[in-house]
Amino acid sequence: MSFGQLGYDVAHLLGGGVLLLSFVLLYQRRIGAVINAFATQGTLLALAAAWQAHAQGAPGLYLTAVLAFAAKGVLIPLALHAIVRRLNLHRSVETALGVGLSMTAGVALVGLSILVVLPATEGARALAREDVALALSVVLLGMLMMITRRNAISQVIGLLSLENGLILAAIGVAGMPLVVELSTAALVLMVAVVAGVFAFQIRERFDTLDTGSLEEHRGEGR
Amino acid sequence: MRFPEWLRGVSSLRDPRLRHAVLTLLLLATGGLLVLAAAAPALARHAKGAPVVLGGCAAASVLIAAGAVGGLLGGPDALDLPFGPPWGPARVAIDALSAWFLLILGLAGTAASIFALGSLHGPEAPRRLLPYPLFLAGMAVTLLAADGFTLLLGFEAMSLASWVLVAHEHEEEEANRRAARIYLGFAGFGGLSLMLAFGVLAGGAGDVAFAALREAPPDGWRAALVLALVLAGAGSKAGLAPLHVWLPLAHPAAPSHVSALMSGAMTKVAIYVLARFAFDLMGSAQPLWLGAPLVALGAASAVIGALRANLEEDIKTLLACSTIENVGLISIGLGLALAFRGADLPALAALAAGAALLHALNHAVFKTLLFLAAGEVLHGALSRRIDRLGGLIHRMPVTAWAALAGVAAAASLPPLSGFASEWLLLQALLASWRVGDLAFQMGAAAATALAALAAALAAAAMVRFWGLVFLGRPRTPRAAGAEEGGRLVQAALILPAALTVLFGLLPGVMLDLAEPALRLMTRAAAPRAGFVAIGAAEGGARYWPLLVALLLAAAVGAVVWAVRRRAPAGVARGPIWDCGFIAAPHHLPFGDPSSQPTASGFGQPLRRMLGTSLLAAREGVTMPPPGATAPAVLQSGFHDPALVALEGPVPRWRDAAAAQAERLRDLSIRQCLGLTFGAVVLMLALLAWLEAR
Amino acid sequence: MAVVWSILSQALHIALIVAAAPVLTGVLRWLKARMMGRRGAHPLQPVWDLLKLLRKTPVLAENASVVSRAAPYLTAGAAVAAAALVPSFARGMALAPLSDLIVVAGLLALGRVAMALAGMDVGTPFGGLGAAREMSFAALAEPALVVAALSLAILAGTTNLDAIAGAFREGGLGLRVSLGLALVAMLAVAVAENARIPVDNPATHLELTMVHEAMILEASGRHLALWDFAAMLRLTLWLALLSAVFLPLGQAPAGAGPHLWIVGLAAWLAKMGALALALAAFESAIAKMRVFRVPEFLGAALLLGLLGAVLLFVSTGLT
Amino acid sequence: MPLQWAIVFFAWGGAVALAAVPRLRTATLVNVGVSAVSFLLAVALALQPFAQHGWTRTDALNTPFILVSAFVGLTTSVFSAATLDQEGFDHWRIRAYHAAYQVFMGAQTLALLADNLGVMWVAIEIATLATVSMVAVHRTPAAFEAAWKFFILCGVGIALALFGTIVLYLAAQPLLHEETGLSWAALMGVAARCDPNTLNLAFAFLLLGYGTKAGLVPLHSWLPDAHAEGPVPISAVLSGLLLNAAMLAVLRAKSIVGANPDAIAPGPFLIALGLASVLLASVSLWRRRDARRFFGWSSIEHMGIVAFAFGLGGAAANLAGLLHLVGHSVIKSAVFFGVGRAAQAKGSQKIADISGLVATHPALGWGLAFAIAGIAGMPPFLLFASEFRLLTAAAAEAPWLALALVAGMVMALAALITVLQALCFGPPTSDAAGALDGWREAAAAAPLWLHLAVATLLGLAMPGALAAMLAEAARIIG
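Protein chains in written order, with the numbering used here: chain W, 3 to 224; chain V, 358 to 1050; chain F, 4 to 322; chain H, 20 to 497.
Keep in mind the hints are simulated off the structure, nothing from the lab.
Yeah, the Cβ is synthetic: ideal placement off N, Cα and C, and Gly gets one too.
Accuracy of the hints is not assured; some may be wrong.
If you only want the chain H side, here are some residues facing chain W, beta carbon under 8 angstroms, derived [as the list claims (entries may be wrong)]:
| no. | residue |
| --- | --- |
| 1 | Phe28 |
| 2 | Gly32 |
| 3 | Leu66 |
| 4 | Leu86 |
| 5 | Ile171 |
| 6 | Ile177 |
| 7 | Leu181 |
| 8 | Leu189 |
| 9 | Leu201 |
| 10 | Asn219 |
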């Protein structure tokens, strides 16, 4: 299928949506809003997976879609909300890149990924190429978010959206074997991360979630 | 007819089966040493354990010496061991060059082992017992190796074993730990440098077997790089300036018999590696300048070492410095041989190489002797500091006279061994003008002056050593109560002393024995000079040690006879005229030490003449107020510039770099992620750029 | 026949030089005294001194070891052996093959070391002081001598004194500036080796300045006689060496018969006399320098020697 | 069930069983038993002919490392049996620890065995998850900091690796049918015909992803802290085994890209990362005050050397790299045994608090001394052979790079010697609590000496079959 066909357009639309939400995550300051944006991204990803399942006729991807929706669209956001409530952070507004700056950085990263991917994937189908480009952008934006946020939860969300990018890439490549297994495994990793931050934050009872407060505790000091 | 030639003429020595036997004998001796090392921890528990181990070491050393002579008289032979590195067998071989140095190792090892055996008191700690055979075995392996890996295996094993021995008193003194630390650091550095040297030499083929290396001799910058790396690796091990700083620290820290081996044998093993590279592996078609760095560094080491020997106040450190001087002289000889060979003067090349080899042998013997004597002094008078010794000739006559033989040889006095080899070396230096190149001639003239200066400085140092330790009056009660060692110890001292005299009287025989090694190095033989003489060149100057000795004896005899005819026999004894010093107080029954020359006082003239400029030496005299009876005190000290550089700027640069690196480590998690992110973006940008092109 | 002549000449040479040593010293002292306006002692005075000392029983310190007793004989013996090797009136003596310059230097070093050790034997301050200075000066004199020997070896192709003398006698080397420089270097070395002014004052016993005398301060009787005799012999040896190498005129060639020896003998005596006169003039003309100026003196000698060698390189390179 | 899977699932079954054992003594013994059986299984596997079996394969490249990891796993379990009570675990943590240990061992073996790159990725992720919890197990702030950093950085790294895997499939997609799409063997087969640019992209992500796990500068930040916290045995296997798996993953990726003539040459990237690692570690070593962190940094240095070797390529350098990996596993785990035991005995892992070991604990002290000397590349251990091979090859190929490498190695060597003498020599410091009874002290020192013996054997008399296997592997990775 090529440009101008329905399948292509829908897949493109969904991928673009995921990317757009990455931008939202990037400049969204309020923690609650960040979590919601992430939930939306997860849902969109699930839709994308479902559509790919339909388009490629790969029933396995439906499973991926369901998992993605359940975990990323519902459970993890709820868990994160719970943490936020437990540590009453929902008011907390934290420094992120300003809109303009985050936009420019993001656009630059998207440009870079397109510059890299499109010539790199001439062999592959147009849809796959688009998808990989979008996925790479999402990955890079996720990393950018991780390094611009001090708040542990925002960092986790950055990692999660980064992983969304991976799933996006995985489902985009038609006929990828093990895609379900891989996405599941990645999901497990993410859940583990959330559980980790959960256990870790609660146990430590840091008055702040600022990861900077960890630095003092490095072994053998400074 | 040269002496060994009729021996060589005996057909049975040419028999290949005999050559195999020689190599097998040497390998068995080495293996035996390894077995001893393995068994040492268990044996150390029993009272008879230590004597078994050390006796075994002595026996193995004798075997090695015997095998070496066999190797010199017989021919070369090679063998592949059934084990080795993961990529091939370990190759061993014996040829004239390695045999010559094996002879050195055997002689030094025998004396040292007997001494250790004799100075045993009760059970020996495993950490002192186990490394010793390993040390000997490591040196033997290095000399027997026929490929780069085996050579370095032995080289580093030798370093590691001796490091344990250098650190044997680690609990007592920080100084020993520092010595051991610096020593092992230099050892590792040397090993890595030699690895690179083998790599550059092997080139693309990557085969480090000697046979393969000889096939493709390097040229141009590769040859220069190989030489530089070998000088860094083997040179640092031998104690060539400026990488000699570890030597005066490490050699004294070890037990005396180990110090003797380190100075007598280990430095020679390093010299062997140097010679093996420069004369054998790098091929014979090397340019003249290849010898220049050896001559320059050798001259520098000779002067620095000899001068420091005049300033040190610890007898073992003093001897270690004199080792640096002698290594420098040997390296001058090797460098000249290289230059002569490059200038196509084979006879002179053989002369210089002969001087180097002969001096290596002589130095090994007399330095072993001197270190063993120092050990005996330490054992008898419980101190290594000159200012706590004195007058020992009365209490330890055997040690004193044996040491005197070594001292005279080290001071290069005729007719002892040191003079013979240094005479050859001077002849080689005096002939160096025959190399056409003017710059080299000037350099060689300077080297001649420096070599002579070093020799004379060594004489001064040796007079200072022997005179202050064995002559004069005891400076401490312990020195006054010193006692001679047991029979074995005396034997261990007399053996090398006898060899020193013997090699001094028959240098020609030893030179003839070394002839195959010289052929291997320079494709020529040392100039013939008849049976009892050594000669500079055909029809050139000659040195007839036996006749000179006879002449000297006759002259002394004549003088004695003449004096006896006119003078009354016997002497009268009286108190010393002590230059008006008041009589010593009662708490000093052995006289007032402060009315005797001290170590630093004796070194004063040379410290002022040369030390201030070369070693940043300083001194200050604190005079007592007029009328006080307190002695004036002379404080003095000096720095070895190389050591200052090693412990000054180098650590500063390192710490500066480390400080920068720490900044990287202090990053927060986010910044670490930033590093990863940066790496990804950089990589992607690079790819985009690559694809754009 | 030649063998007989060579042995004869050798024996004659030894007797001559041993006899000449004290006389030369006497003459030297007499000349110096004359130049300074004193009458001076009889030239044979040193001989009488030696005989007198020989008759006396030496006194040794209680803690003197055998070194004190053996060293004088060794030093004197070494001096005799060295002197036997330096050609005087004739070449081709029996021991000519042994007469290597470096061997001679080695024998002298042997004597020097023995003297230094004797000085340190009883552990008095002066002995150590003298030994330290003596060895230090020697350390600087040695390279100067060897560098001078370098020039000779380049010109004569060997360090064998007999051969060098022969080469300079026959080989029309002509006057070379480098030879002159070598001569200066060797003169400086000779002055230092023999403890003459300006390096040392043979006539003083002033603690702070003396070098040679400090070592033998303890010696007496026959030992002192031997020390003095060795010193005289060394002086004679050096003068003989200089004359043999640098003014080889009149020397009888190898294998020549007695008739030529007469000429050589006369020439040698004349040369020695001239050198003694020069030395006396030199010593009475200048003052002794401070001990720690000596290195500069010897260093200059060394540099002159090196300069001579370098000039030779250039000239050999050109021809 | 084929042997390949048997090894993995036996370990995981053991993990399940161990999770149910609360008593320390029984748990440690069961752990040793499971490890011993796994070791026997690994030997049996190594004796079988090479084969590809579904998602797994055995070839010359991974068989030696499977043996090594099974061996180190066994000795480590023995060490932990002797010293675990020093960690002061309650019974929950005892269960968790042993379960995690076997899960890690199974995942590690799977990661080595995997032919399918996806499976390899999953295995490495499982190994990471299993160890993270162990790094944090002591619940000190420092432990949490180390675990959190380990987790986040390696999480990102693994994510990058997954992306690389996906792109790699994308590259091979036109040429392969679905099921074999991620098989390394199949990819090697078609690599030459793949789109080079796609391969480049995949390699970039695989290198950075698995390079993070291998602790290559600048992706190394997590390594020293993760190796310094948590129980000693975990440090030993983290440093000794997990790094091998990551490095092998990098190698598989490199070999695929290297098989395509039009793709970028992977060598220079590896050389750059390797040199950076060696140089940075060699200076950072001088600032360490914590013994276990010190040896964590030394792991970075050695991984740098290995990366340099593989970057150099060619039979000699590759062989050197493989030998170095094996030797590093054996000796570095031995070093961690020694340091860990010393830290337990002295009650602190600060270098300043440990001194004079050879006087108080001769077996431990001398063992540690020689292990550190071995890490520093002294004979007769295997690392000496590998460094010799590497430096000779490097000096022949690129002398100036070799000089830079040697500069770093000399600096690191000096640091190692300094610490060696600080720990083992000098006036002994007083022991804290934690003296073990006789046989357990012996059992704690035995693995150390066994490792030294093995390292010597491998260095000087490596069994011919193993040597041939490694030489073949050096040829495989090109």
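Hint-by-hint comparison with the structure:
1. Phe28: violated, 16 angstroms
2. Gly32: violated, 20 angstroms
3. Leu66: violated, 30 angstroms
4. Leu86: violated, 27 angstroms
5. Ile171: holds, 7 angstroms
6. Ile177: holds, 7 angstroms
7. Leu181: At about 5 angstroms, which falls below the 8 angstroms cut-off, the nearest Cβ of chain W leaves the hint on Leu181 of chain H intact, so it holds.
8. Leu189: With a minimum Cβ separation of about 5 angstroms from chain W (threshold 8 angstroms), the hint on Leu189 of chain H holds.
9. Leu201: Holds. Min distance 6 angstroms.
10. Asn219: holds, 7 angstroms
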